[in-house]
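In the order they appear, the protein sequences are chains V and R. In case it helps, numbering that gives the first Met the number 0 puts the first sequence at residues 0 to 318. In case it helps, numbering that gives the first Met the number 0 puts the second sequence at residues 0 to 167.
Calculated directly from the structure, the hints in this document are not laboratory data. Honestly, I wouldn't trust all of these hints.
[What the hints assert, rightly or not] Mimicking DSS-like on lysine-lysine, the simulated pairs with C-alpha atoms at most 27 Å apart in a straight line are:
hint: 1; chain 1: V; residue 1: Lys-46; chain 2: R; residue 2: Lys-72
hint: 2; chain 1: R; residue 1: Lys-155; chain 2: V; residue 2: Lys-76
hint: 3; chain 1: R; residue 1: Lys-72; chain 2: V; residue 2: Lys-47
hint: 4; chain 1: R; residue 1: Lys-64; chain 2: V; residue 2: Lys-161
hint: 5; chain 1: V; residue 1: Lys-207; chain 2: V; residue 2: Lys-225
hint: 6; chain 1: V; residue 1: Lys-161; chain 2: V; residue 2: Lys-261
hint: 7; chain 1: V; residue 1: Lys-225; chain 2: V; residue 2: Lys-253
[Unchecked claim] Reference excerpt, derived from the structure (chain V facing chain R, CB under 7 Å, subset only):
hint: 8; residue: Gln-14
hint: 9; residue: Thr-41
hint: 10; residue: Val-45
hint: 11; residue: Leu-50
hint: 12; residue: Gly-53
hint: 13; residue: Ile-295
hint: 14; residue: Ser-311
hint: 15; residue: Ile-312
hint: 16; residue: Gly-315
Predicted, not measured: the structure shown is a model, and the values here were computed from it. Glycine included, every Cβ here is placed at the ideal spot set by N, Cα and C.
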Amino acid sequence: MINRNPQLDENGVLQHLLTTEGLPASVLLHILDTAESFVGVTERDVKKIPLLRGKSIFNLFFEPSTRTRTTFEIAAKRLSADVFNLNIAVSAQSKGETLLDTVNNLSAMNADMFVVRHAQSGAAHLIAKHVQPDIHVINAGDGSHAHPTQALLDMFTIRRYKSDFRNLRVAIIGDILHSRVARSQIHALTTLGVPEVRVIAPKTLLPKMVERLGVHVYHDMAKGLKDIDVLMMLRLQNERMKGANLPSPEEYFKYYGLTPEKLSLARRDAIVMHPGPMNRGVEIDSEVADGKQSVILPQVTFGIAVRMAVMSILAGNQV
Amino acid sequence: MQLPDAEKAFDNLAKKIQADAGRDFALVGIHTGGVWLAERLHQALGTKQPLGTLDVAFYRDDFDKIGLHSQVKPSEIPFAVEGAHILLVDDVLQTGRTIRAAINELFDYGRPASISFAALVDRGGRELPITPQYTGITLELPADKMLELKCGKNGKLSFHLYDKSMPE
Chain V
0 MINRNPQLDE
10 NGVLQHLLTT
20 EGLPASVLLH
30 ILDTAESFVG
40 VTERDVKKIP
50 LLRGKSIFNL
60 FFEPSTRTRT
70 TFEIAAKRLS
80 ADVFNLNIAV
90 SAQSKGETLL
100 DTVNNLSAMN
110 ADMFVVRHAQ
120 SGAAHLIAKH
130 VQPDIHVINA
140 GDGSHAHPTQ
150 ALLDMFTIRR
160 YKSDFRNLRV
170 AIIGDILHSR
180 VARSQIHALT
190 TLGVPEVRVI
200 APKTLLPKMV
210 ERLGVHVYHD
220 MAKGLKDIDV
230 LMMLRLQNER
240 MKGANLPSPE
250 EYFKYYGLTP
260 EKLSLARRDA
270 IVMHPGPMNR
280 GVEIDSEVAD
290 GKQSVILPQV
300 TFGIAVRMAV
310 MSILAGNQV
Chain R
0 MQLPDAEKAF
10 DNLAKKIQAD
20 AGRDFALVGI
30 HTGGVWLAER
40 LHQALGTKQP
50 LGTLDVAFYR
60 DDFDKIGLHS
70 QVKPSEIPFA
80 VEGAHILLVD
90 DVLQTGRTIR
100 AAINELFDYG
110 RPASISFAAL
120 VDRGGRELPI
130 TPQYTGITLE
140 LPADKMLELK
150 CGKNGKLSFH
160 LYDKSMPE
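Same shape as in the complex, but just chain V (with noise of 0.2 Å):
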């Protein structure tokens, strides 16, 4: 038997949005294309289309999550759907359910899809294979595993500012190994066709042979940083702190901070993101994340009409 990607079907649609691992180049770009369309409709008064009215969309946060939580929420309710918010780390499971009978007694309640975060890698994917076929279920988070619609809001953001992937070096800068922006990133990035992908972080936020994800490593900013045009920043979680990985904030941000010199070795019209929300004077200087080259803001407004986009061509994808 073929080994199927678990979220296309057997004609290569898309059914559900687990990780932009193995996406092949059309479906990115595709889901690109009709945020395009759905950015003029956040401009207009009423940002408010009827595309999903009648359909039910769950958010199941078994982390907690505010923002994401409420651009997915936003998403939802500008395509007219109605949107459900569960907020499953204090209910369902603090009461002994599993995760399945949580997505059962939902489905059960003619749920039309799923938004699932959990700290678990592959939860997503557990909820997709276990639901009807007319239940789609997008990912927005999984452990470290894959956060696919940060990643696709960020290439939309390059492509907005760069045009053309095929000409970029781009920078992810930080914690990579606990992250599942970076790995999400790291697969939109080289299956759109960017040239180098480089990581830049100590070997402690590395993880091993990171190199097999086609990846150019440095630990050092200024060498990493020549000839940048993009810098893909991440954030650098307090909790990482307490553990063996660094030795202090003050250390880190001295060696791995991006301040206006650092960023200064990169190309003059590089672009700084930052997937939110950020640690300032931790992974990024005040003086950077206000400053010009700064898209960390339209980041933002372009997530929701990418999150509308997935949510749009999933629920369009029947079988």
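For this one, chain V is given, so just place chain R on it according to the hints.
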């Protein structure tokens, strides 16, 4: 079968609108054919208001059946819809469902004073109570045929007929 001349149909349509030009319409073309026609009408009528374009894909009623396959072009309405007299322009009128979607979308931009509708071809087969105020030509066609307007490199308009089972 012999298809009518699209250029003649356009001249006819433009004349009818001109003859009735009691007020200054704001023109809105529906992608893709309707936009070509609206651009031509905009010149021919000397309309002062900027031209609007609509892609009704997000407002269609068959999304559940056909999904979002083609690339949707952004709608652009560069004038205030509130209180405007709008003339919607489309190439081929059949069921009326596209016009229903277009009217719905326009109302998301504001409350127009009036909406009129100009179709290059009315081929019958209505499924909704939609009637054009201006028509270039009327045509009887079998239901399994698809009539498409094309625009050549020289800007010349022409009709093409397809079997519905295999478009293009």
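Right, here's what the structure says about each hint:
1. V:Lys-46 to R:Lys-72: holds (16 Å)
2. R:Lys-155 to V:Lys-76: violated (43 Å)
3. R:Lys-72 to V:Lys-47: Judged against 27 Å, a Cα distance of about 16 Å means the pair holds.
4. R:Lys-64 to V:Lys-161: Violated - the C-alpha atoms of Lys-161 (chain V) and Lys-64 (chain R) are around 36 Å apart, more than 27 Å.
5. V:Lys-207 to V:Lys-225: holds (24 Å)
6. V:Lys-161 to V:Lys-261: holds (21 Å)
7. V:Lys-225 to V:Lys-253: Distance of about 18 Å is within 27 Å: holds.
8. Gln-14: At 12 Å from the nearest chain R Cβ, Gln-14 (chain V) fails the 7 Å test, so the hint is violated.
9. Thr-41: Status violated, d = 11 Å.
10. Val-45: With a closest approach of 4 Å, the Val-45 (chain V) hint holds.
11. Leu-50: Holds. Min distance 5 Å.
12. Gly-53: Check failed: Cβ of Gly-53 (chain V) comes no nearer than 9 Å to chain R, outside 7 Å.
13. Ile-295: With Cβ-Cβ at 24 Å, over 7 Å, it is violated.
14. Ser-311: Cβ of Ser-311 (chain V) sits 5 Å from chain R, so the hint holds.
15. Ile-312: holds (6 Å)
16. Gly-315: holds (3 Å)
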